[in-house]
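Here is what each chain is made of, one letter per residue.
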Amino acid sequence: GQNIDQPTEMTATEGAIVQINCTYQTSGFNGLFWYQQHAGEAPTFLSYNVLDGLEEKGRFSSFLSRSKGYSYLLLKELQMKDSASYLCAVREGQGGKLIFGQGTELSVKP
Amino acid sequence: DVKVTQSSRYLVKRTGEKVFLECVQDMDHENMFWYRQDPGLGLRLIYFSYDVKMKEKGDIPEGYSVSREKKERFSLILESASTNQTSMYLCASGGAGGYGQYFGPGTRLTVT
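Heads up: the sequence lines are chains A and B, in that order. For the first sequence, the working numbering gives the first residue as 1, with consecutive numbering after it. For the second sequence, the working numbering gives the first residue as 1001, with consecutive numbering after it.
No lab work stands behind these hints, which were simulated from the structure alone. For glycine and all other residues, C-beta sits at the position ideal for the given N, C-alpha and C. Certain hints may be false.
Cβ pair distances, simulated, as ranges [stated by the list, open to error]:
| # | chain 1 | residue 1 | chain 2 | residue 2 | range |
| --- | --- | --- | --- | --- | --- |
| 1 | B | Val-1012 | A | Ser-65 | 44 to 50 Å |
| 2 | B | Ser-1065 | A | His-38 | 27 to 33 Å |
| 3 | B | Gly-1097 | A | Lys-76 | 43 to 49 Å |
| 4 | B | Ser-1082 | A | Ala-39 | 24 to 30 Å |
| 5 | A | Glu-9 | B | Pro-1061 | 27 to 33 Å |
| 6 | B | Pro-1105 | A | Glu-55 | 23 to 29 Å |
Below, computed lysine to any residue pairings styled on SDA-like, alpha-carbon distance capped at 25 Å [what the hints assert, rightly or not]:
| # | chain 1 | residue 1 | chain 2 | residue 2 |
| --- | --- | --- | --- | --- |
| 7 | A | Lys-97 | B | Gln-1006 |
| 8 | B | Lys-1003 | A | Phe-60 |
| 9 | A | Lys-76 | A | Ala-12 |
| 10 | B | Lys-1055 | A | Phe-60 |
| 11 | B | Lys-1053 | B | Ser-1008 |
| 12 | A | Lys-97 | B | Asp-1028 |
| 13 | B | Lys-1003 | A | Glu-41 |
| 14 | A | Lys-81 | B | Asp-1001 |
| 15 | B | Lys-1055 | B | Asp-1038 |
| 16 | A | Lys-97 | B | Leu-1045 |
| 17 | A | Lys-81 | A | Gln-19 |
| 18 | B | Lys-1003 | A | Thr-44 |
| 19 | A | Lys-97 | B | Lys-1071 |
| 20 | A | Lys-57 | A | Tyr-70 |
| 21 | A | Lys-57 | B | Gly-1097 |
| 22 | A | Lys-97 | B | Lys-1003 |
| 23 | A | Lys-97 | A | Ser-27 |
| 24 | B | Lys-1013 | B | Pro-1039 |
| 25 | A | Lys-97 | B | Ile-1060 |
Which residues of chain B face chain A? A partial, calculated answer using Cβ under 7 Å [claimed, not checked]:
| # | residue |
| --- | --- |
| 26 | Met-1027 |
| 27 | Asn-1031 |
| 28 | Pro-1039 |
| 29 | Gly-1042 |
| 30 | Gly-1063 |
| 31 | Gly-1094 |
| 32 | Gly-1095 |
| 33 | Ala-1096 |
| 34 | Gly-1098 |
| 35 | Tyr-1099 |
| 36 | Phe-1103 |
Please construct the entire structure, taking both the sequences and the accompanying hints into account.
Here it is, written out as structure tokens:
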């Protein structure tokens, strides 16, 4: 069956680094996505991994290990505006359907 | 820039009313999706469509129907609104490429 797990909440300090983990069990894996969602707003795309390894994009990086069913999102030089929910999502097969985790609520403190 | 728009940001309806939520995308995407999002439950897929006049049930289709008469437009219909359908409704399109799905701004529906 499909299962995506990520921590419910995390807290970090401004300027620090935080890693948000995501584990998944799916069939027909065809990519993993990370989205950011601020309160009351729509999710916005952050990153995409389909092959093993690290994808870096500015302060944000995402890692994937397909054999372990594991990904993480790394946020560096945290800013207050990074306080948001971070959603891990897996695509199965060739269509566009995504399976979403429940999201990790990140609070950045001064 | 991809744009997904939804007909209303906030909507208040009475129990038993028929409710239409409209979604329009301007990127010629074949795939369109309707989700609801509730605290502690995350994003749950209601219905999706891979092409005009095609629809498939998601994880929680009960109490909902959809219509896709044109490629750019995907409508969610609550046949007889109930209080447990009070939620944030999000429409999305795309998903087959490397940018995943693009989301509309959401409609916060309250059923009283």
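Cross-check of the supplied hints:
no., hint, in the structure
1, B:Val-1012 - A:Ser-65: 44 to 50 Å, "46 Å, holds"
2, B:Ser-1065 - A:His-38: 27 to 33 Å, "31 Å, holds"
3, B:Gly-1097 - A:Lys-76: 43 to 49 Å, "27 Å, violated"
4, B:Ser-1082 - A:Ala-39: 24 to 30 Å, "26 Å, holds"
5, A:Glu-9 - B:Pro-1061: 27 to 33 Å, "30 Å, holds"
6, B:Pro-1105 - A:Glu-55: 23 to 29 Å, "27 Å, holds"
7, A:Lys-97 - B:Gln-1006, "20 Å, holds"
8, B:Lys-1003 - A:Phe-60, "24 Å, holds"
9, A:Lys-76 - A:Ala-12, "11 Å, holds"
10, B:Lys-1055 - A:Phe-60, "36 Å, violated"
11, B:Lys-1053 - B:Ser-1008, "23 Å, holds"
12, A:Lys-97 - B:Asp-1028, "17 Å, holds"
13, B:Lys-1003 - A:Glu-41, "15 Å, holds"
14, A:Lys-81 - B:Asp-1001, "23 Å, holds"
15, B:Lys-1055 - B:Asp-1038, "23 Å, holds"
16, A:Lys-97 - B:Leu-1045, "9 Å, holds"
17, A:Lys-81 - A:Gln-19, "16 Å, holds"
18, B:Lys-1003 - A:Thr-44, "12 Å, holds"
19, A:Lys-97 - B:Lys-1071, "17 Å, holds"
20, A:Lys-57 - A:Tyr-70, "19 Å, holds"
21, A:Lys-57 - B:Gly-1097, "18 Å, holds"
22, A:Lys-97 - B:Lys-1003, "19 Å, holds"
23, A:Lys-97 - A:Ser-27, "13 Å, holds"
24, B:Lys-1013 - B:Pro-1039, "21 Å, holds"
25, A:Lys-97 - B:Ile-1060, "15 Å, holds"
26, Met-1027, "12 Å, violated"
27, Asn-1031, "4 Å, holds"
28, Pro-1039, "10 Å, violated"
29, Gly-1042, "4 Å, holds"
30, Gly-1063, "21 Å, violated"
31, Gly-1094, "6 Å, holds"
32, Gly-1095, "2 Å, holds"
33, Ala-1096, "4 Å, holds"
34, Gly-1098, "5 Å, holds"
35, Tyr-1099, "5 Å, holds"
36, Phe-1103, "4 Å, holds"
Going down the numbered hints, you'll see the structure goes against 3, 10, 26, 28, 30, while the others check out.
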